[in-house]
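Novice: Construct all of the structure, not just a fragment, from the sequences and the given hints.
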Amino acid sequence: MTSGASLLSRGFIALTLSLSTERAVAGDSEGQADPLNSPAWNYVRARFFDRQPVVFDDRVKVVAPANAEDPLDVPVMVEAPGLSDVEEVIVIADLNPIQKILSLTPTQAVPGLSFRFKVEQSTPIRAAMRTKDGVWHFGGTWLSAAGGGCTTPSGGSSGLWQGHLGELKGRLWSRDDNQNQRLRLRVIHPMDTGLANGIPAFYIDRITVRDAKGMELATLNTYEPIAENPVISLDLRHQGPVTIDGHDIQGNTFGGEIRP
Amino acid sequence: MSRILLVAAGTVCLFALAVQAATNDYALKPSAVADGIYVLPGLTENFSRENGGNIVNTGFIVGSDGVIVIDTGPSRDYGRQQRASIATVTPLPVRQVYITHAHPDHFLGDQAYSPDLIAALPGTSAAIRKNGELLSDNLYRLVGGWMIGTEVVAPSQDAVSGPVTIAGRKLKLMAAAGHTDSDLMIFDEATKTLFTGDLVFHRRAATTPNADIARWLATLDEIDKLDFVVLVPGHGPVVRDHAAIAETRDYLRWLTRSLREAAAEGLDMAEVMNLPLPERFQSLSVVRTEYTRSVSHLYPAIELEALPPVVKSTP
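Which chain is which? The protein sequence lines are A and B, in order. Heads up, the first sequence stops at 684 in the working numbering, and the numbers go up one at a time, no gaps. Heads up, the second sequence stops at 437 in the working numbering, and the numbers go up one at a time, no gaps.
Treat the hints with care, as some may be off.
[Unchecked claim] Not close to chain A: a few residues of chain B, all C-beta gaps over 10 angstroms, as computed:
| # | residue |
| --- | --- |
| 1 | Asp147 |
| 2 | Asn253 |
| 3 | Gln279 |
| 4 | Thr287 |
| 5 | Asp343 |
| 6 | Glu383 |
| 7 | Pro398 |
| 8 | Arg415 |
| 9 | Leu429 |
[As the list claims (entries may be wrong)] Footprint (simulated), chain B over chain A, 3 or more residues, beta carbon under 8 angstroms:
| # | region |
| --- | --- |
| 10 | 475-489 |
| 11 | 499-512 |
| 12 | 629-635 |
[What the hints assert, rightly or not] Pairs of lysine-lysine, DSS-like flavour, derived with a Cα cap of 27 angstroms:
| # | chain 1 | residue 1 | chain 2 | residue 2 |
| --- | --- | --- | --- | --- |
| 13 | A | Lys637 | A | Lys524 |
| 14 | A | Lys593 | B | Lys434 |
| 15 | B | Lys314 | B | Lys292 |
| 16 | A | Lys524 | A | Lys593 |
| 17 | A | Lys637 | B | Lys434 |
Honestly, the hints are just simulated from the structure, not real lab data. A virtual CB, placed ideally from N, CA and C, is assigned to each residue, including glycine.
Specialist: Rendered as structure tokens:
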């Protein structure tokens with residue numbers, strides 16, 4: 425494992441060196457090796473980013489523990505300090521049976537977020553950020569995992585959701601000299617993947633954050649791999665109360681207002 | 123000529139490596155810590171393919187006509203080698219085996235002993251029956267071939283709090299909780315030696331996968347009141363004072379306090395994992411790894427305390 429990691433980091437260093445020039449020339453990864461050396465990179469690229477310009481960009485950071493202590497609940501933070509005009513963020517785990525974890529439209533929000541997800545086996549986790557010019561900027565990291573996260577039934581645990589579906593907890597914190605607000609949100613939901621025997625897919629597929637007037641601040645499209653009872657953190661470019669509205673794939677809705 | 127010698131030497135080395143791999147030698151050396159009390163000290167590391175899981179202190183007490191074993195280590199081979207190391211000290215048979223708690227480095231050597239000699243708290247036996255296979259599988263993933271042939275053996279006797287005499291040694295069994303929901307301590311009256319299991323760590327960061335920190339801290343206060351001369355922690359060097367208790371308490375108090383503060387400030391789990399650690403804990407083995415694991419174990423409950431319910435709006 426140690427030698428594998430050092431091989432990877434060597435590859436990464438080599439790539440970082442070559443990146444600085446390549447990024448300046450073209451907004452496309454043609455000819456660039458995947459810094460994560462993922463066996464699924466070509467597939468991920470073709471499936472989600474076909475014919476779109478992509479570039480590996482070390483400003484896009486994915487922070488996760490090296491090992492998944494709990495494969496059902498792996499924390500991930502995505503951020504891109506130094507990258508502006510981001511219009512969409514997609515997070516993908518290459519080797520999960522369901523690869524796409526979420527997408528975020530940060531209308532009035534810092535492009536990035538924190539969340540937890542279920543992992544099936546060791547995998548790269550990537551964030552792709554589309555800037556106004558249409559280029560997808562990729563960053564990522566490897567996560568080592570014993571796995572089983574996606575095929576394990578969720579609520580097998582508590583069954584908490586059966587009486588509390590869609591119940592919200594949340595809070596706002598002022599950040600960065602009152603420039604931004606940190607929103608933390610938790611929704612009770614089983615987030616069943618459909619991959620566990622006898623349990624159909626059942627997950628939240630959209631969460632929207634708005635200001636008091638109903639103007640959109642951020643929209644999240646979430647998918648099966650998000651952990652049970654999702655906890656999500658966003659930094660909003662907005663001060664004051666926000667409202668949350670969302671729904672799952674069966675049309676159950678949830679929402680509420682959070683005041684600073 | 124020298125080339126031939128080199129090749130020959132290389133072959134010998136390879137052969138030696140192969141032999142070591144085949145026998146999974148834990149190199150257990152009994153260390154006498156009091157009259158008739160021996161510890162097989164483990165490394166203060168995490169599980170790895172190099173150490174084979176020998177990161178735990180196990181021990182044994184030699185009585186007038188038999189031996190009491192405390193914890194059996196991480197694998198079948200460890201248990202067998204533990205038995206062999208006991209035989210280097212005494213020809214007396216093993217009369218009793220105590221398992222302190224249901225973590226894999228403490229009970230997976232059970233196969234080396236007759237199942238009817240093995241005792242644990244009922245909660246420990248239940249947890250071994252429920253999660254033993256999972257824990258064993260996971261340890262196999264972490265240490266590899268050292269686990270060959272290891273099978274889960276659940277204790278067949280219930281350990282009961284109170285005094286007991288085995289092989290002429292007066293012992294006091296103490297049921298406690300905090301590190302897990304069933305933690306057994308064994309006290310030898312003659313030498314005032316206390317085996318704490320993983321309720322006490324020493325110079326190695328505590329682990330928390332099944333911990334209840336408030337209960338654990340309360341238990342540490344009780345341990346602090348005990349009149350012992352020698353304390354054998356679950357991990358880390360044996361001590362003759364209360365320093366290891368204080369160290370474990372300091373770390374656990376700091377851990378919960380700093381996680382509560384992080385939750386009150388609105389930090390997310392991945393951010394909390396990367397917070398700097400205080401200077402005084404830097405000398406603890408594997409502290410960064412264990413801290414990161416502990417955030418996974420403890421933060422989900424702690425962060426909810428900092429998130430108030432949101433009043434439902436009508437969509």
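Novice: Now tell me, hint by hint, if it's right for this structure.
Specialist: How the hints compare with the structure:
| no. | hint | result |
| --- | --- | --- |
| 1 | Asp147 | holds (22 angstroms) |
| 2 | Asn253 | holds (14 angstroms) |
| 3 | Gln279 | holds (32 angstroms) |
| 4 | Thr287 | holds (42 angstroms) |
| 5 | Asp343 | holds (28 angstroms) |
| 6 | Glu383 | holds (13 angstroms) |
| 7 | Pro398 | holds (15 angstroms) |
| 8 | Arg415 | violated (5 angstroms) |
| 9 | Leu429 | violated (4 angstroms) |
| 10 | 475-489 | holds (count 3) |
| 11 | 499-512 | holds (count 3) |
| 12 | 629-635 | violated (count 0) |
| 13 | A:Lys637 / A:Lys524 | violated (31 angstroms) |
| 14 | A:Lys593 / B:Lys434 | holds (10 angstroms) |
| 15 | B:Lys314 / B:Lys292 | holds (10 angstroms) |
| 16 | A:Lys524 / A:Lys593 | holds (25 angstroms) |
| 17 | A:Lys637 / B:Lys434 | holds (18 angstroms) |
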